[in-house]
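Student: Sequence:
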Amino acid sequence: MSEATEANPDRVATLAHVDEYLKLGQEYDCSDIHLATAAAPLWRRYGTLQPIWGNAEKVTAADAQRLVEGFLGPKEMNRLVERGDVDFAYATPFGRFRASVVRQRLGYDMAFRIINTKVRTMEELALPASLKPLTQYHNGLVLVTGSVGSGKSTTLASLVDSINVERNDHIITLEDPIEYVFESKGCHVNQREVHSHTDSFAAALRGALRQDPDVIMVGEMRDLETISLAITASETGHLVLGTLHTGSAPRTLDRVLDVFPTDQRDQIRIMVSESLRGIISQQLVPRKDGNGRALAIELLVNTPAVANCIREGKTFMLPGIMQTGRAVGMITMDDALKNLYERDIISAEDCLFRAIDQDQMRKDLKM
Numbered sequence: 009m010s011e012a013t014e015a016n017p018d019r020v021a022t023l024a025h026v027d028e029y030l031k032l033g034q035e036y037d038c039s040d041i042h043l044a045t046a047a048a049p050l051w052r053r054y055g056t057l058q059p060i061w062g063n064a065e066k067v068t069a070a071d072a073q074r075l076v077e078g079f080l081g082p083k084e085m086n087r088l089v090e091r092g093d094v095d096f097a098y099a100t101p102f103g104r105f106r107a108s109v110v111r112q113r114l115g116y117d118m119a120f121r122i123i124n125t126k127v128r129t130m131e132e133l134a135l136p137a138s139l140k141p142l143t144q145y146h147n148g149l150v151l152v153t154g155s156v157g158s159g160k161s162t163t164l165a166s167l168v169d170s171i172n173v174e175r176n177d178h179i180i181t182l183e184d185p186i187e188y189v190f191e192s193k194g195c196h197v198n199q200r201e202v203h204s205h206t207d208s209f210a211a212a213l214r215g216a217l218r219q220d221p222d223v224i225m226v227g228e229m230r231d232l233e234t235i236s237l238a239i240t241a242s243e244t245g246h247l248v249l250g251t252l253h254t255g256s257a258p259r260t261l262d263r264v265l266d267v268f269p270t271d272q273r274d275q276i277r278i279m280v281s282e283s284l285r286g287i288i289s290q291q292l293v294p295r296k297d298g299n300g301r302a303l304a305i306e307l308l309v310n311t312p313a314v315a316n317c318i319r320e321g322k323t324f325m326l327p328g329i330m331q332t333g334r335a336v337g338m339i340t341m342d343d344a345l346k347n348l349y350e351r352d353i354i355s356a357e358d359c360l361f362r363a364i365d366q367d368q369m370r371k372d373l374k375m
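Take the sequence shown: its letters are residues 9 to 375, numbered as in the numbering used here.
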């Protein structure tokens, strides 16, 4: 604690350096730390945003500027001054963090995502065994989707690590910023950070295709050019793993197709129907016992029936196909949530709130 805090133990003053907040967040198993001008310090713990201390002083504009200047390097500070915002990976002796600093009306706001620097295996994360085949393809497109903070990066890192251990290939990761650091094991791994090593995901992806890659991980497929390049790469002998901020497999396909001009969609549907290997959609749901969050995973595997739906633009039929595709590991989000509820891991309220088809879930839960 800072000297000011020790002098006034009844009132928690602003700490001296952002690292002190980040250490606290790590110790208490938080995912994010928020330090905003004119607000008390906050953390997100098990999905809930709450004050770190009930009696904390609000961060003043001067405090925020002092904290910002205390941890930003010259390069990041220049970018913040020029653009008004900066995003980068912040490394400390005790861990890595995804940092975002913005300038707003009252002063500076800082947000930090706490990164678990140890890449956990699929077994450690208790990921379904049905995900394993997705890491064994040598071409095609695998998408990991979900809202912000749903664990996409952790799942994606685990899939990449599985490939890294079991194969002898060239893996290139394109990230903004680099989160998990991969040590080359069976594979040769190169990691590139957008804004530090390249201008954009699209530019990085174009460059990656000239580097003789076998596997390309795209941290976020944000725009038409990136999505188009990823699909092309997946068709030309590369396994492409990417993320999107969508809530289910049908919505993911709609999002991918909708970024293209209308006159190109028929062709893109055919390309996606042939290159897609699978879509993993996930949510982190608070556990009923209050001890962390449980992972709910939806899995779409590309089968002839799925490919036909994609070609014909009938993505609304996919949930029904997924219901009948359990033999190949497919599961809908609502079934994944029901499984967690039936195992007494999550509450009925959370199960209903996070369901895709809430009317049907209400009937199933008899609420």
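Honestly, the hints are just simulated from the structure, not real lab data. Misleading hints may appear alongside valid ones.
Stated by the list, open to error - Here are the computed lysine to aspartate or glutamate pairs in the EDC-like style, where the Cα-Cα straight-line distance is at most 20 angstroms: (1) 322 to 372; (2) 346 to 297; (3) 83 to 117; (4) 346 to 320; (5) 193 to 231; (6) 126 to 90; (7) 193 to 174; (8) 296 to 220; (9) 296 to 357; (10) 66 to 90; (11) 193 to 266; (12) 31 to 132; (13) 322 to 282; (14) 371 to 357; (15) 322 to 266; (16) 126 to 220; (17) 140 to 117; (18) 126 to 262; (19) 296 to 262.
Student: The structure should be examined with respect to each hint, and the outcome stated for every one.
Tutor: Here is what the structure says about each hint:
For a cut-off of 20 angstroms, the pair hint linking residue 322 to residue 372 is broken: about 26 angstroms separates their Cα positions. Taking the CA atoms of residue 346 and residue 297, the gap is about 17 angstroms. The hint holds against a cut of 20 angstroms. A threshold of 20 angstroms between alpha carbons decides the hint, and for residue 83 with residue 117 the separation of about 18 angstroms falls inside it, so the pair holds. Distance restraint check for residue 346 and residue 320: the Cα-Cα separation of roughly 30 angstroms exceeds the 20 angstroms cut-off, and the hinted pair is therefore not satisfied.
For a cut-off of 20 angstroms, the pair hint linking residue 193 to residue 231 is broken: about 32 angstroms separates their Cα positions. A C-alpha spacing of about 34 angstroms is found between residue 126 and residue 90, which places the hinted pair above 20 angstroms, so the restraint is violated. The hinted pair formed by residue 193 and residue 174 meets the criterion: a straight-line CA distance of about 9 angstroms does not exceed 20 angstroms. For the hint linking residue 296 to residue 220, the alpha-carbon distance of about 47 angstroms lies beyond 20 angstroms, and the restraint is violated.
For the hint pairing residue 296 with residue 357, the CA-to-CA distance comes to about 10 angstroms; that is within 20 angstroms, so the pair holds. Of the pairs offered as hints, the one joining residue 66 and residue 90 is violated, with about 27 angstroms between alpha carbons and a cut-off of 20 angstroms exceeded. The straight-line distance between the Cα atoms of residue 193 and residue 266 is roughly 38 angstroms, outside the 20 angstroms bound, and the hint therefore fails. Of the supplied pair hints, the one linking residue 31 and residue 132 is violated, its CA atoms being roughly 24 angstroms apart against a limit of 20 angstroms.
Under the criterion of a C-alpha separation no larger than 20 angstroms, the hint pairing residue 322 with residue 282 is consistent with the structure, at around 15 angstroms. Using a Cα cut-off of 20 angstroms, the hinted pair residue 371 and residue 357 holds, with the two alpha carbons roughly 13 angstroms apart. Distance hint between residue 322 and residue 266 is fulfilled; the C-alpha atoms sit about 13 angstroms from each other, no more than 20 angstroms. A hinted pair counts as satisfied when its Cα atoms are at most 20 angstroms apart, and residue 126 with residue 220 does not qualify at roughly 28 angstroms.
Simply put, residue 140 and residue 117 have alpha-carbon atoms about 40 angstroms apart, too far for the 20 angstroms limit, and the pair is violated. Under the criterion of a C-alpha separation no larger than 20 angstroms, the hint pairing residue 126 with residue 262 is inconsistent with the structure, at around 34 angstroms. Restraint check for residue 296 and residue 262: the C-alpha separation of about 33 angstroms exceeds 20 angstroms, so the hint is violated.
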